[in-house]
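In order, the protein sequences belong to chains A, B and C. Each residue of the first sequence is one higher than the one before, starting from 7 at the first, in my numbering. Each residue of the second sequence is one higher than the one before, starting from -16 at the first, in my numbering. Each residue of the third sequence is one higher than the one before, starting from 2 at the first, in my numbering.
One should not assume that every hint holds.
[Unchecked claim] Subject to a maximum C-alpha distance of 25 Å in a straight line, what follows is the list of computed DMTMM-like cross-link-like pairs (lysine to aspartate or glutamate):
| # | chain 1 | residue 1 | chain 2 | residue 2 |
| --- | --- | --- | --- | --- |
| 1 | C | 247 | A | 84 |
| 2 | A | 120 | B | 437 |
| 3 | A | 61 | A | 84 |
| 4 | A | 114 | A | 126 |
| 5 | C | 25 | A | 125 |
Simulated from the structure, these hints should not be mistaken for laboratory data.
Below, each chain spelled out in residue letters.
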Amino acid sequence: MELLISSYNYWIYIILMMIGLYAMLAKNNLIKKIIGMSIFQTAIIVFYVSISAKKDATIPIIEHGKGHGHSAVISAMDYANPLPHVLMLTAIVVSVGTLGVALALAQKIYDRYKTLEEDEILEQLQEQAVSDSVMTSSGCDNDK
Amino acid sequence: MISEEQIPVLIIVVPLLGALLVNLAGLLTGRAGISLILTVAVLSLALAASVQTLLLVMEKGAISYRLGGWPPPFGIEYVIDHLNSLVLVVVNAVSLIAVVFSGRSVKAEIPSHKISLFYCILILLITGLSGMTITGDAFNLYVLLEISALTGYALIAVGEDRALMASFNYLILGTIGASLYLLGTGHLYIMTGSLNMGDLSSLLPSLYGSGAILTSFILITVGILIKMAFFPLHTWLPNSYSYAPTATSCIAAPLVTKVSVYVMLRSMFTIFTPAYVYSYLNISSLIVWLAVIAIVGGSLLALAQRDLKRMLTYLIVAEVGYMVGGAWLANRLGLTGTILHIVNDALMTLCLFMAAGTIAYRTGNLSLIASRDRHGSWDKSSGSGLAGLFKIMPFTMAAFTIAALSMIGVPPTAGFFSKWYLVLGAIEAEQWGYMAALIFSSLVNAVLFFRIFEIAYFEKSSGDMGIKRGESLEAPLSMLAPLGIVAVSLIILGIYSGDIVTHIIQFAVPLS
Amino acid sequence: MIWSFDLLILLFMVICAFFVIQVKDLLGAAIVFGVYSFLMCLLWTEMGAVDVAFTEAAVGAGVSTVLFIAAVHRSSRQVKPRKRWRRPNKAVGLIAAGLLGGVLFYASVDFPDWADPSSPASTHLSPYFITEALADTSVPNLVTAVLADYRSFDTLFETAVIFVAGMAVFMILGQKTKESAQVGIDLTGGYEDTIIRVVSRALVPFMQIFALYVVGHGHHSPGGGFQGGVLLGATFVLLAISFDLKMVLGRMSEKKNLLLANTGVLLYSGIGVLSLLLGANFLDYSILHTLLPSTGPVVARSHAILGVEIGVAITVMAIIILIYTNLSSGGTNEKGL
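All chains, full assembly: derive it from the sequences and hints.
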């Protein structure tokens, strides 16, 4: 029971990561894969932020009045740990950047193949490969 | 104004500013030609700075540079020792040569209004790779890993038709890899509270028995293995590098996987010290066997390919197997071989991809199916694009031959020497399976390349290869010169291998 | 740190995540993903991570949802069932997720208790940051101080990442000529909705002032360059949705946008290079006090942090607009949502 209370939230992050990873690998639809990627990344971010939590501590902004004039003493126990917050700001921005690129790719793929399902795209690619090797009229380039 | 101690940071700052300037120049002037000149200028400066740094490190030992002036572990620190300065020089040299080489192919393959954008993103890829190599902070490495990944996805996606899906698959797998690395770093952080690599190495020994540290090692290693395309996590690589534009594959193929190998070495040497990795965890033999599977798998898959560029990508997979196996042999010889192979393989791969790019530029056909395999009723020109090339493009094929000999491992080319160290290391560690795999792979490479030589020498070239009448049949000088330089350097590096080992590499290997 | 509240939010998050990947309607998935992000913000606010919650609200719940909707609208809304069993993807996915879960559960046994003030993370580096950052940089918001000063190099590259993402989207999707344009779907059906237009027009100035406040006041309150930049970008996105993409492009042309994106990163790295030229290490702000009269090294840091945050805000704003305009119009900037 002790273990449960002290670690339950770590376990839930692990479940979220598993859901995200499964979606990225097993789903057929490209947008679903991208959503899975987002869930995976955000679960890792939640993991980091939970490291920064501290019992009976407030947000990491020094209250006005403390520290100014160096008369009041700032105690480290009063404030949450700011370092994981910084790291995760970076990670959120990185993940939204990756999301943007992924959505752009998905759109371009849709424009080209008219579908967002991976198996249909692979079918089209295979048909294209077969027709490429059949078509061997002079001067026709295989790889351009 | 800028003193000698600031030179390491210039390796990163100059290309970063350069990328922005290239983009601005493209936007404001609307002319694409200026981008190439600026890119070459910026990369030359970066190469000069990295060579200077290597010389400094050889003279004075490891350098530490504090960004923002904050002492580690509060701030971010660069730690430059023999290992990274060597890899930095390789990264910058290869990228400069590849950019000069691919000037023409960029003009041919990328729409003109996107060229300056292409170069901007290309420089940022190189900045990301340099940054991964030079940093001494585990989280900073993640950010730079993501930069090199994002730029890679974009640069591949502008290739031919199938590059889009290839880039998407690369994106999914690459993000899994980078996120696993991040998760591993998170486990390190939760147990120690630190992100600086040097700090971690002093904090970790008391925690060796902890399951969380083992997990973080597994996560970081698996993440990096995905990024370096270690069989069977390699599935993103063949499609991505075959369909990418020539410029991208000439820079990404030699460098991205090698820098990932460097990151694995760095995590083994500095974060989790050799004491933990080799002695405490008893998995060295297991990993070497996985490497054997990687080498054999990569080589066999390469045999099955019908397209030159695709064949080369599978050879990269096999080469990565060499390096991972060598690193886990757990002796000085093996590690020396691995580090030397990072240098050699980058150059060999560059040479091969440049040669393939030249052939594609001239003939547009990289198929390896010999004409006489086809039915008699079909056109002769449907056969291999490499038919009869020895006569038509002698210089290109000469460079290709040297690189091929280096891949097979024929002295005095560089490939022989790194393989030699790896074999010696295998014998010392009594890993006979690995040694057999190395020899097997050399034989397979020999078969592969001699097959190509046969087509290129004996086959009659088809009359219609899209070459204009009156034009020289060999590749243009801007492509030949870099190709020649790299081919010659393969021989020079081979001859001087001993010196490189005694002066640089032996200091890079930790005393175990 | 009310653990029952915590647990409740986490359970809802798991339910949302499960729903998101199973549902067949992509638009529904995008909206529930927004809900998932909002729940995360709540969770983080409750844990005391206000800056992160702010960023997630702006970026994750706000912008990401709009980007998903834009992408889904331009393509297909329904998830089609798998045609036939092509590859063992489901098995691979299950095995991988299972392995990952197993390894992570094994590790979690060793973790320090959650919110334990004596855990290694809370006792090793962070006490220095908490007690000394105000004295070193005169910035009360510790997250801003660490982000823009101690770990400034990370932030520079984070800005570079968002810059690259925008450039990548532009390079992948951008089309020069409009002949091959694919016409986007019109959300309002071509019908001018007066209420939406008037309200958004009235809101935008306040949103922008608030965004500027967030950037400038990031030293003292939760906020900073990223959050402010995203808010500024979001104002343009709001205008694009309620009016017309053309109206936004009339005010913020693509060329101006790209120039702004470059300027922001140049500003950030310029401050770093300035430190180099003055003889200190890259991004060492304290040396800048020689340029600014009557400030000491500490106040110079505070000013430089502000400068850096402004650079970040400019780039982020430009990139959010760039990504949105390209995604919603398929690169042609003809018609948006």
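The hints, checked one at a time:
no., hint, in the structure
1, C:247 - A:84, "violated, 51 Å"
2, A:120 - B:437, "violated, 43 Å"
3, A:61 - A:84, "holds, 9 Å"
4, A:114 - A:126, "holds, 15 Å"
5, C:25 - A:125, "holds, 16 Å"
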